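Student: Chain by chain, the residues run as shown.
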Amino acid sequence: MSNQDKPFFVGYLDIPGSLRRFLVLACLVGTGIFVATGLLIGSTQDEPAASGFRFDYGRQTVTGVIELTPYPLLRVTQGNDLIKPGKTLMLSGQGKFGVDAQAMGLEGGLVEVTGIILQRGTIDMMQLAGGRRGMKMVDGDAPDMETEPLGRWKVAGEICDGKCLNGAMRPGRGLAHKACAALCLVGDVPPVFVSTQPIEGSDFMLITGPDGTRLPKAAYDHIGQFVSAEGDLERRGDMLVLKLDAETIEVIDG
Amino acid sequence: MSVKYIPVQWNRNKWFYDLVMLIGVVAFLVLFLFVSPDLLSHEFPINPQVHNARAFGACAFVMLTVILCIGPLARIDTRFLPLLYNRRHFGVMTTFVAITHASYILNWYFSFSKSDKFSALLFANTSYTQLAGFPFEAFGIFALICLLILAATSHDFWLKFLTPPVWKSLHALIYVAYIAVVAHISLGILQDQQNHVFTLIFIGGALAVAVLHAYAAWLDWRGGDEVATQSEGWVEICGPADIKNGFARIKLMPNGDRVAVFNQDGKLSAISNACAHQNGPLGEGRVISCLVTCPWHGFQYDVTNGRSPAPFTEMVPTYNLRLTDGMIQVDPEANPPGTYVEPVAIPGWKEVPA
Amino acid sequence: MNQAELILLLVKIWGGVGACVALGFLTFGIDRLDEDARGAYVFRLLIIPGVLLIWPLVLWRWYVLAGGKDLWARRYQPRRNSHRVFALIMPVLIVGIIAVGWSVRQTWPVDVAPVQLSEPGQ
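Protein chains in written order, with my numbering: chain A, 979 to 1232; chain B, 35 to 388; chain C, -18 to 103.
If you are wondering where the hints come from, they were derived from the structure by calculation, not from laboratory data.
Given the structure is predicted, the values throughout are model-derived calculations rather than measurements.
Possibly wrong hints are sitting among the right ones.
Stated by the list, open to error - Cβ-Cβ distance ranges computed for the label pairs, FRET-style:
{"id": "1", "chain 1": "B", "residue 1": "301", "chain 2": "C", "residue 2": "-2", "range": "45 to 55 Å"}
{"id": "2", "chain 1": "A", "residue 1": "1006", "chain 2": "B", "residue 2": "358", "range": "51 to 61 Å"}
{"id": "3", "chain 1": "C", "residue 1": "-8", "chain 2": "A", "residue 2": "1064", "range": "49 to 59 Å"}
{"id": "4", "chain 1": "A", "residue 1": "996", "chain 2": "B", "residue 2": "164", "range": "47 to 57 Å"}
{"id": "5", "chain 1": "B", "residue 1": "257", "chain 2": "C", "residue 2": "77", "range": "25 to 35 Å"}
Claimed, not checked - Calculated cross-link-like contacts (lysine to aspartate or glutamate; reagent style EDC-like; alpha-carbon spacing at most 16 Å):
{"id": "6", "chain 1": "B", "residue 1": "278", "chain 2": "B", "residue 2": "385"}
{"id": "7", "chain 1": "A", "residue 1": "1221", "chain 2": "C", "residue 2": "100"}
{"id": "8", "chain 1": "A", "residue 1": "1132", "chain 2": "C", "residue 2": "-14"}
{"id": "9", "chain 1": "A", "residue 1": "1132", "chain 2": "A", "residue 2": "1181"}
{"id": "10", "chain 1": "B", "residue 1": "148", "chain 2": "C", "residue 2": "-14"}
{"id": "11", "chain 1": "B", "residue 1": "151", "chain 2": "C", "residue 2": "-14"}
{"id": "12", "chain 1": "A", "residue 1": "984", "chain 2": "B", "residue 2": "318"}
{"id": "13", "chain 1": "B", "residue 1": "301", "chain 2": "B", "residue 2": "336"}
{"id": "14", "chain 1": "B", "residue 1": "38", "chain 2": "C", "residue 2": "-14"}
{"id": "15", "chain 1": "A", "residue 1": "1132", "chain 2": "A", "residue 2": "1223"}
{"id": "16", "chain 1": "A", "residue 1": "1195", "chain 2": "A", "residue 2": "1225"}
{"id": "17", "chain 1": "A", "residue 1": "1065", "chain 2": "A", "residue 2": "1090"}
{"id": "18", "chain 1": "B", "residue 1": "384", "chain 2": "B", "residue 2": "299"}
{"id": "19", "chain 1": "A", "residue 1": "1062", "chain 2": "A", "residue 2": "1216"}
{"id": "20", "chain 1": "A", "residue 1": "1132", "chain 2": "A", "residue 2": "1228"}
{"id": "21", "chain 1": "A", "residue 1": "1221", "chain 2": "A", "residue 2": "1189"}
{"id": "22", "chain 1": "A", "residue 1": "1195", "chain 2": "A", "residue 2": "1166"}
{"id": "23", "chain 1": "A", "residue 1": "984", "chain 2": "B", "residue 2": "111"}
{"id": "24", "chain 1": "B", "residue 1": "38", "chain 2": "C", "residue 2": "12"}
{"id": "25", "chain 1": "A", "residue 1": "1062", "chain 2": "A", "residue 2": "1090"}
{"id": "26", "chain 1": "A", "residue 1": "1221", "chain 2": "A", "residue 2": "1208"}
{"id": "27", "chain 1": "A", "residue 1": "1132", "chain 2": "A", "residue 2": "1225"}
{"id": "28", "chain 1": "A", "residue 1": "1114", "chain 2": "A", "residue 2": "1078"}
{"id": "29", "chain 1": "A", "residue 1": "1132", "chain 2": "A", "residue 2": "1178"}
{"id": "30", "chain 1": "B", "residue 1": "38", "chain 2": "C", "residue 2": "15"}
{"id": "31", "chain 1": "B", "residue 1": "148", "chain 2": "A", "residue 2": "1228"}
{"id": "32", "chain 1": "A", "residue 1": "1221", "chain 2": "A", "residue 2": "1210"}
{"id": "33", "chain 1": "B", "residue 1": "202", "chain 2": "B", "residue 2": "190"}
{"id": "34", "chain 1": "A", "residue 1": "1221", "chain 2": "A", "residue 2": "1126"}
{"id": "35", "chain 1": "A", "residue 1": "1065", "chain 2": "A", "residue 2": "1122"}
{"id": "36", "chain 1": "B", "residue 1": "38", "chain 2": "C", "residue 2": "16"}
{"id": "37", "chain 1": "B", "residue 1": "148", "chain 2": "A", "residue 2": "1166"}
{"id": "38", "chain 1": "A", "residue 1": "1065", "chain 2": "A", "residue 2": "1126"}
{"id": "39", "chain 1": "C", "residue 1": "-7", "chain 2": "B", "residue 2": "150"}
{"id": "40", "chain 1": "A", "residue 1": "1132", "chain 2": "C", "residue 2": "100"}
Beta carbons are placed, not taken as given, at the ideal position from N, Cα and C, and that holds for glycine.
Next up, chain A with everything else stripped away, as it sits in the complex:
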């Protein structure tokens, strides 16, 4: 219940003198909260992994053999200063699209691809230019490409989409990014597994389902989580490919 001593504020009248100092203080504290939180939250954002589109390198054109894992890989046979022969590139279209349509029917064939590099430490992906400029068959004999089986492995780490991981988005992994990664995978962007520790010199690998199938939908629930999973590993050029058994996925405690 109010009493005479307490100041009484009426919105459309002048503020009582005894309330002014309190309200000035409240305004200062209020704005102070916004200034402090804005600065603190803004300046303590985690640093994304060193990765991204390399528009500064310009458009790259290389020739190689297409392999369908089923996600198309390019085994580079004729490279340039940046991308040497023996390199294996994952391929993506613009946006959240893979290049399955362009690569269809070209398996084992010699193609020339043109696009922009995505780099995360090493160069592992190219975003192809649109239309026929992006990928076209070239004359010549395609050499046989070796695939080296590495046995069955149990790996630990995170399922991501290869494009965002390579810096198309920064940050490009984690649970806050899960829906985006799933959308990329639905669009046939190659999925990858980031390993806690390097395997055969590589800290990530392309993942597929068993027997030349796509990554099973069951794995989508675990995108961005830290999981362990089993599968057959193979090396194609300098790229590891894990044929993941979705039933073996387990969330790691802690």
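On the provided structure of chain A, position chains B and C as indicated by the hints.
Tutor: Showing chains B and C alone in chain A's frame:
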């Protein structure tokens, strides 16, 4: 107070309120958007779209947290009531900031695919059966819908049209929205964040809201309005000397309604404690220029008939009252709003000089 | 049609019906129900989004007010008693949700090494 509706009613204090609020919000966004990238100096910076989304999302959280603290603070200490006065503008502003956050997310994470971005938002992650990896966006969508409803129904027209109790119940959605925001953050960015400054600010803010509400509820429970005793169909309020000139005594009647009995220059009148505008507690107000003034938004009533002065049209119910054996008694049956009741003079009343 | 498209269709239907209600309500209903609205037109633009969102509530109030069924006493029964419920449930949920969120949070399992289970060809 309404006469004819206009889009926004302004006065000097509202301008000032909005100005301070805008300074706070603009300072937050400028520091986050334009100053923090230099401080971070990341070699490969966060995508501008993600950085912007985070800035507006964090800003909306801070705004919502501050807004939700105002209510309990004003109940704990009435000096905070001026912050309540124009809270609706604060809320509408928060909705705009939250929409900006959502559109950055929608136009970045959910775009560039073969699906429509709105449908992508709904189907991209459907892991509803797990906690880690739960589609936390759903909580954000829900909270945004709540905020949109609140902002869209903030005009005084809605108060009058829906009635204050329905409007207040609808606007209690803010609590549900806040809980959803807490879940949105807890299952979203909190899962990924490595630097825990935001984690601390988030938990501190959410706990402040939680503790202040619990404390204010506890105070209200301990020291709420007294329940009136009934005697022969009339409810007893207090002795006339217990009500200071220009002030009221509130009693909770057995039927659940609250009555406010005012002493205006030695004459007693009883009106409903609930203001016609937002059901603010009239009995916690005071008489200014012969008119009872609500402590929330300053709506005024003639205490003898419960009517706002012309040209205003608001009315509150009045109660018949009498003085029996030195005790003020009120008939718990309210008169229709605007009914004149002859004030009861306090015998031998003399104004005590202030 | 998938579920996402179905939900979006329902949203569009909701908004479409809301638009029809808004048209009827703001062009002729409101003038009969609220004398303060008579002759006031600009503020109606601000009312449109509200009608789009909560048109069932608008139709219900329109029906009640137009039929003279509004009980004046209800206007003066504040919601403050139910407020206590919110004031108590909200703190519990806030603390609970943050605790759950924190408990499922993972740290990068850097110590868990990849293991070769079998050699090639085995």
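Student: Out of the numbered hints, which ones does the structure contradict?
Tutor: Those not satisfied are hints 8, 14 and 31.
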